[in-house]
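Residues per chain, in single letters:
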Amino acid sequence: MRSSISIFWRRKDSYYKVLLTRCKRCGRASFFARDVCPYCGSSDVSIVKSSGRGRVVSYTVSYFRTDSNEEYLPLVIALVRLDEGVYVTGELRDVEPAEVREGMEVEAVLRRYSSDDPYGLIYYGLKFIPVIKRC
Amino acid sequence: MKLGMDAGIVGWGVYIPRKRIKVKEIAELWGFDTGLVSSLRIEEKSVADIDEDSVTMGWYAAKVAIDRGEVNPNEIGAIFFGTESKPYAVKPSATIVGDALGISRRKLSSDLEFACRAGGEGLRISVSLISSKAVKYSLAIGSDTAQANPGDVLELTASSGAAAFLIGPEREAIAVFEGAVTYVTDTPDFWRRDCSRYPSHGEIFTGEPAYFDHIVNSVNILLTDLGLKESDFKYAIFHQPNGKFPLQVGKLLGFPKEKVLPGLVTPMIGNTYNASALIGFARVLEQARAGDRILLVTFGSGAGSDAFSIVVKEGVEQVASRGPTVNELLERKVYVSYSSYAKSRRLIERSIGW
Ligand SMILES: [Zn+2]
Chain A
1 MRSSISIFWR
11 RKDSYYKVLL
21 TRCKRCGRAS
31 FFARDVCPYC
41 GSSDVSIVKS
51 SGRGRVVSYT
61 VSYFRTDSNE
71 EYLPLVIALV
81 RLDEGVYVTG
91 ELRDVEPAEV
101 REGMEVEAVL
111 RRYSSDDPYG
121 LIYYGLKFIP
131 VIKRC
Chain B
1 MKLGMDAGIV
11 GWGVYIPRKR
21 IKVKEIAELW
31 GFDTGLVSSL
41 RIEEKSVADI
51 DEDSVTMGWY
61 AAKVAIDRGE
71 VNPNEIGAIF
81 FGTESKPYAV
91 KPSATIVGDA
101 LGISRRKLSS
111 DLEFACRAGG
121 EGLRISVSLI
131 SSKAVKYSLA
141 IGSDTAQANP
151 GDVLELTASS
161 GAAAFLIGPE
171 REAIAVFEGA
181 VTYVTDTPDF
191 WRRDCSRYPS
201 HGEIFTGEPA
211 YFDHIVNSVN
221 ILLTDLGLKE
231 SDFKYAIFHQ
241 PNGKFPLQVG
251 KLLGFPKEKV
261 LPGLVTPMIG
271 NTYNASALIG
281 FARVLEQARA
291 GDRILLVTFG
301 SGAGSDAFSI
311 VVKEGVEQVA
321 SRGPTVNELL
331 ERKVYVSYSS
341 YAKSRRLIER
351 SIGW
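Quick mapping for you: the protein sequence lines, in order, are chains A and B. Okay, so the first sequence: first residue is 1 according to the working numbering, each after it adds one. Okay, so the second sequence: first residue is 1 according to the working numbering, each after it adds one.
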């Protein structure tokens, strides 16, 4: 399955970093980076980078096969509450599905998402892993 | 040559993938003599997962180096990515890592290739850039998912890992570079041709004329240039193609086992190529005290060796505590079977679209 090089390039920053929208009017933070606060509608916002650390709130294990994802299966998809209080979903790696626990501390790391094999572009982005060290 | 002591290590980071395979399992599968396995002194090797590569591992090591240094990534003016397993033959790994870490767009940035010593050369170039005040900080990364033809003796050792060092001005550093020597020649010990998946090696050239000759020369020149002797060093780290060579070359140069063992990580994770000596060096920094003098010696086939003399300063323990230590990464592990390893390292591949 071929991905769009231009869409990936435009969104590169949000694949490479956990970017949050912080509202200067109501003070709340939200995922993802955008121009308007989803809570109060204010456009007085700033984009901030999350530490990428948080805890698993819930998760699901997916065996759904597409044309080119077989090598990654099964996928653990986690709902994570970031330290900034914002909820995001992401793939959880470096843990067996049976070992995932709610409350587990996780951190965002750069991994391969997919690639246009054999000679196309490699798409990198963030996934979660159990924290290696709480610093 | 003697350096001005004006450049040093501001931060460092290591990454070791969590999967491990027992070398004994590989040896049994391919019918190696178990005597050969024990002579290599490698118990197990680290295996990068299917969604990991030199870029992702180098990213993690560099992120930890920046966190440890508490440096604004926008002030980093150079990235050197030393690898012999870059994901693209053409398209720099350094720019992917740079953008993903928010490093300044105004930067020097290159992938360096010199078998296992490109990461060391990145370190040497970084020190020069800081000494000449060309940039404020420079990042030197060594990262590899070393490939080996299944059944080749290299498969018993070739593994995956990364290390990164953030080099900056002496006043911010926890260790300074006192001297450095690079010694290179044209030697046919190991190569990989264009478009070839796996490397080849000129068997008889591997030890004596390559590893031992280049390391002995770079170290001896360094000691002469600096007017130092073995007893002036608390630790010595040599490139680690297996668990045996570093101890042997140490002995040749007069460094006892006790000075080499703290930085010897290959027995636990295999040969991480460009990260090999650098991970050992990081492990030593994490137990060093102010005033300790460290000898760091890289080696890369083809062939060359860099020898560095580094003096540790106050504050090293505090900086070490800001990130995962090598020992913590060594303990984070899960054993996998040969079949799982074969899938992770793409020794078996699905044909897509059939
Ligand atoms: Zn708001």
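FYI, nobody ran anything at the bench for these hints, they're computed from the structure. These figures come from a predicted structure and were not determined experimentally. Some clues are possibly wrong.
Claimed, not checked - Listed below are the simulated DSS-like cross-link pairs for lysine-lysine, each with C-alpha atoms no more than 25 Å apart in a straight line: (1) B:Lys2 with B:Lys24; (2) B:Lys234 with B:Lys2; (3) B:Lys333 with B:Lys343; (4) A:Lys24 with A:Lys49; (5) A:Lys49 with B:Lys133; (6) A:Lys49 with B:Lys107; (7) B:Lys107 with A:Lys12; (8) B:Lys107 with B:Lys91; (9) B:Lys244 with B:Lys24; (10) B:Lys91 with B:Lys2; (11) B:Lys22 with B:Lys313; (12) B:Lys91 with A:Lys133; (13) B:Lys313 with B:Lys136; (14) B:Lys91 with A:Lys12; (15) A:Lys133 with A:Lys49.
Consistency of the hints with the structure:
For a cut-off of 25 Å, the pair hint linking lysine 2 (chain B) to lysine 24 (chain B) is broken: about 44 Å separates their Cα positions. Of the pairs offered as hints, the one joining lysine 234 (chain B) and lysine 2 (chain B) holds, with about 19 Å between alpha carbons and a cut-off of 25 Å not exceeded. For the hint linking lysine 333 (chain B) to lysine 343 (chain B), the alpha-carbon distance of about 18 Å falls within 25 Å, and the restraint holds. Between lysine 24 (chain A) and lysine 49 (chain A), the direct Cα distance comes to roughly 15 Å. Compliance with the 25 Å bound is thereby established for this hinted pair.
Straight-line distance between C-alpha atoms of lysine 49 (chain A) and lysine 133 (chain B) comes to about 30 Å, which puts the hinted pair past the 25 Å bound. As the CA atoms of lysine 49 (chain A) and lysine 107 (chain B) are separated by approximately 21 Å, the hinted pair is consistent with the 25 Å bound. The suggested pairing of lysine 107 (chain B) with lysine 12 (chain A) holds, with an alpha-carbon distance near 19 Å, which does not exceed 25 Å. The hinted pair formed by lysine 107 (chain B) and lysine 91 (chain B) meets the criterion: a straight-line CA distance of about 16 Å does not exceed 25 Å.
Only pairs whose Cα atoms come within 25 Å are accepted, and lysine 244 (chain B) paired with lysine 24 (chain B) is accepted, the gap being roughly 17 Å. In summary, the hint linking lysine 91 (chain B) to lysine 2 (chain B) is not supported, as the alpha carbons are separated by about 36 Å, beyond the 25 Å threshold. Proximity of lysine 22 (chain B) to lysine 313 (chain B) is assessed by CA-CA distance (about 38 Å); at most 25 Å being required, the pair is judged violated. A C-alpha spacing of about 32 Å is found between lysine 91 (chain B) and lysine 133 (chain A), which places the hinted pair above 25 Å, so the restraint is violated.
At most 25 Å may separate the alpha-carbon atoms for a hinted pair to count; lysine 313 (chain B) and lysine 136 (chain B) meet this at roughly 20 Å. Restraint check for lysine 91 (chain B) and lysine 12 (chain A): satisfied, since their Cα atoms lie roughly 16 Å apart, inside the 25 Å limit. Restraint check for lysine 133 (chain A) and lysine 49 (chain A): satisfied, since their Cα atoms lie roughly 20 Å apart, inside the 25 Å limit.
Going through the hint list in order, the structure does not satisfy hints 1, 5, 10, 11, 12.
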